[in-house]
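Here are the chains, one letter per residue:
There are 2 protein chains.
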Amino acid sequence: MENETHTVTCSAPVNIAVIKYWGKRDEELVLPVNSSLSVTLNQDQLRTVTTVSVSRKFQKDRIWVNNREESMENPRLKRLLAEVRRLTKEQGSMSGNGTRPPSHDCHMHICSENNFPTAAGLASSAAGYACLAYTLCQLYHLQVDVSLLARQGSGSACRSVYGGFVKWEMGEREDGSDSIAVQVAPESHWLELEVLILVVSSEKKAVSSTRGMQTTVKTSPLMKYRCETVVPQRMETMERAIVERDFPSFARLTMQDSNQFHAVCLDSYPPILYLNDTSKRVMQLVTAYNKLHQEERVAYTFDAGPNAVLYCLRETMSELISLVTHYFPPTPGNERNYIRGISSEDCRTDSDFTKKLKLTFDPTPGLLQYIIRTSVGDGPRLLTQPLLGLDGLPLATTPPT
Amino acid sequence: MENETHTVTCSAPVNIAVIKYWGKRDEELVLPVNSSLSVTLNQDQLRTVTTVSVSRKFQKDRIWVNNREESMENPRLKRLLAEVRRLTKEQGSMSGNGTRPPSHDCHMHICSENNFPTAAGLASSAAGYACLAYTLCQLYHLQVDVSLLARQGSGSACRSVYGGFVKWEMGEREDGSDSIAVQVAPESHWLELEVLILVVSSEKKAVSSTRGMQTTVKTSPLMKYRCETVVPQRMETMERAIVERDFPSFARLTMQDSNQFHAVCLDSYPPILYLNDTSKRVMQLVTAYNKLHQEERVAYTFDAGPNAVLYCLRETMSELISLVTHYFPPTPGNERNYIRGISSEDCRTDSDFTKKLKLTFDPTPGLLQYIIRTSVGDGPRLLTQPLLGLDGLPLATTPPT
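Residue numbers (our numbering), protein chains in the order written: chain A, 72 to 472; chain B, 72 to 472.
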């Protein structure tokens, strides 16, 4: 019994904020300067799978991420594990389902994999830390708000512990115990909402989110006003737009908040510029498309990088895909697998329509690496297929993409 | 005497704001939502020359700009001329220098020329309207604040009626009579300050300043805070930095205010994006250079377009030029005339130095059209060489550049 290996495997989704989190009021506890709100994406297209095994046989803690062993010295990882060990000690060996939970002083092996390229800048740390926190809660039968645990790995990870539409309440308490995620509506609430991710071809990210946030909080005069005055109002408006499934309001506010997030980045000193000329063209295309229809039918949002995430209703998706592939065609030879995820019927834009958009740029191949079509999805799942063998080492798996 | 033609010719400089003007509180009177402050550039490199002739012989008002006749129906032009005619009527025929001024009910011919490409986006309307206002004041011996007149043609033009360092006080009165330009320091005050203009190769401007300002004032939540709280403080700090010739403070605030101006543009809905990837690289180069020296030695500022204006002290200029031409070399065949204006000795960057900058981009030819080296300059001048002949028609002049 003592030498048994306990293993749990779970998956968790990516989330994309529509009211942006940017800046901490407490670096150690990962407490934000404002509340935020996100959409959880479908795990069929984007998810992390994590297996954690604990055993007295293990000599030390080890972690493999996307088939590569990594250091356990990562401060975010250490913080999360320290918190889990504190909780297991505090909560003793009470077990929810009758089996004896592994002792908190065992070493653990962690193995984690994304079904999408980590380097693409698609919020992989949110899915990763949400998945690790959720898996550890399952393994140790922890009586704790999972979002609170996930938050300590990576702030935005706390929103990936639920499906659908999720807000992260900034909270007021100094210990962070009220800085948790809350589901605004489940994924079933708005089945028509769909998502198109444009992965931009680009140089590597210049400024990490962690450092960028610090610079903005310290130096941007506009940031204080955003946190104190703008975001509280926007949280309410956004929640209402989601509850009422009011797409134009949802879209407008999503774009406005993406714009304002990048505005405070630019207002920082030295300035932070995540958008590039391709992002700019995506913004112009969406703006022209909405203007032509005299209402918001598509929304863009950009995180700390040039990739665009577009939201629209299902009825708009074919036209959107045809427009995007018209202005951002693949390079010759790259047509196969250019549009990934949920399959779409073939649809071409007619040239009369594109003329009406009056865009100031021409179609240019190769500005995007690829496109992912996905939808709103559910929260973390418990899986049966582990990534670690009985020996506690990674099983032969798919090569990293 | 009655059929005499009265002709006056003047020149006026370009100015580049270091605290930005963006947004009107009164469209008709051109009253701004915040004060601004600029540096007047040397007319040897950038200036407008304007000749105005009035005569009873002329059948109608006519205007030629850069060798092309244009419509008199431009509302800004009409507003300025209406104001001049109102003043000439009001002030009667009192003459400052004893000659009888031409009657206000004569038709006028106007001819205006820049010594730089208008399309390059180098604040040509500021120089143009300042020059026209100044010329009309000379012609009619008007007793009026020239800046007040120039302002009604184009807001930023009011700062081009003085040399050196000029602030435009936003004023409080409803009639705009206290919304005027004031010289903070003459051009002789800070002779070491120099200017490098990087003219970026780019598509045409997407959003005109006039329309962009309106969008920002109407839609940006951050704009109100900028006007009410940020700019008043910055005006004081900037004036002090100039009076004390404190380059690092001047440079830091210049960059911060350029950043904030583009931040509120981005915070507008739909967003306005004037900076492009070349602008971004210029910002990164200046940031890395200052970081290496652990103090601000160069400042960038961007107006409503991708062109950069760099400020530095004379001692820094050779190194700056060599760095800029290293990262932004001309396309092959375009080397001649790539660096214009004040001549510079040849200077090369060594590769050790560029390595230390740790920039994430490589030198790329053709991102800039050309570079202009210039300095701080004086205000409008009265010239003797007219652009119009005795017949009131444009003289054969240099072809448009």
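Honestly, the hints are just simulated from the structure, not real lab data.
You may find that some hints are simply not true.
Which copy is meant is left open, because identical chains are indistinguishable; a pair holds if it fits in one copy or across any two.
To be verified - With a straight-line cut-off of 25 Å between C-alpha atoms, the simulated SDA-like cross-links for lysine to any residue are:
no., residue 1, residue 2
1, K289, H397
2, K351, Y340
3, K295, A153
4, K351, S279
5, K429, T286
6, K131, D317
7, K289, P319
8, K427, R407
In this text, all values refer to a predicted model and were calculated from it rather than measured experimentally.
To see whether the hints hold, each was checked on the structure:
1. Taking identical chains as interchangeable, the C-alpha atoms of K289 and H397 are never at most 25 Å apart, the minima being 42 Å within one chain and 33 Å between chains.
2. In the homo-oligomer, the alpha carbons of K351 and Y340 lie at most 25 Å apart both inside one protomer (22 Å) and across protomers (14 Å), since each shortest distance falls under that limit.
3. Proximity of K295 and A153 under a CA criterion of 25 Å is satisfied in neither setting, with 32 Å inside one chain copy and 45 Å between copies.
4. In this assembly of identical chains, K351 and S279 lie within 25 Å of each other by CA distance both inside one copy and across copies; the values are 21 Å within and 17 Å between.
5. Taking the shortest alpha-carbon separations for K429 and T286, only the inter-copy value of 19 Å comes in at or below 25 Å, while the best intra-copy value is 38 Å.
6. In this homomeric assembly, K131 and D317 never come within 25 Å of each other (Cα to Cα): the closest approach is 52 Å inside a single copy and 57 Å across copies.
7. In the homo-oligomer, the alpha carbons of K289 and P319 lie at most 25 Å apart only across protomers (19 Å), although the nearest pairing inside one protomer, at 34 Å, exceeds that limit.
8. Proximity of K427 to R407 under the C-alpha cut-off of 25 Å is found in neither arrangement, the shortest distances being 29 Å within a copy and 42 Å between copies.
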